[in-house]
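In numbering that gives the first Met the number 0, the protein residues as written are 0 to 177.
Honestly, the hints are just simulated from the structure, not real lab data.
Ideal placement from N, C-alpha and C gives every residue a C-beta, glycine not left out.
Errors might be hidden in some of the hints.
[As the list claims (entries may be wrong)] Restraint-style ranges between C-beta atoms, simulated for each label pair:
#1 Asp96 with Ser137: 23 to 29 Å
#2 Arg90 with Arg119: 17 to 23 Å
#3 Arg160 with Asn118: 17 to 23 Å
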Amino acid sequence: MVSIIDPYSGATASPYFQLAGTAVSTEADPGQSLVSEGTYENTISRHGYEIAMIERVVDEPETPADEPKTPGRKVVADPGGAKSVALSMVRSRGWGDEQYICLERLWQKESNWRVNAANRSSGAYGIPQALPGRKMASAGADWESNAATQIKWGLGYISGRYGSPCGAWGHSKAKNWY
């Protein structure tokens, strides 16, 4: 099967649309599958800029999952996982979803939810952009690489200083820092 897309044509979102001279199968297909083998490389460029895809490197723990991880491992958590941890911690504090929404916006602005986000000019580090980053050691020795440790520290900071994530978000919008 060959799919051809004309980038200059309009889109038609209709299950009944059919190009002249083509056939439409009416048989129900229970599913699709795609099998590919080999190594592939894609190069994408636009307006003279080349787009590179860089794989995230994560050291897998060598210990069984039920044993604690050793501090200092280089683990880069994905932002989606960090957001899930944060939602759970926000709810465990008795805060509602509106507080999570404020927190999500605040830390999206601050660090894009990256556990290794570093501000070279200020020295702030991590998801909550702690200044200096080593302050997060009070929440755990793995503060440099563990999203849960950073989130735990960040929520404590926000609670103590602003009362809630929405309080911190409001301050951030007004002052451009929190």
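Hint-by-hint comparison with the structure:
no.	hint	in the structure
1	Asp96 with Ser137: 23 to 29 Å	holds (28 Å)
2	Arg90 with Arg119: 17 to 23 Å	violated (34 Å)
3	Arg160 with Asn118: 17 to 23 Å	holds (19 Å)
In terms of the numbered hints stated before, the structure departs from hint 2 and from no other.
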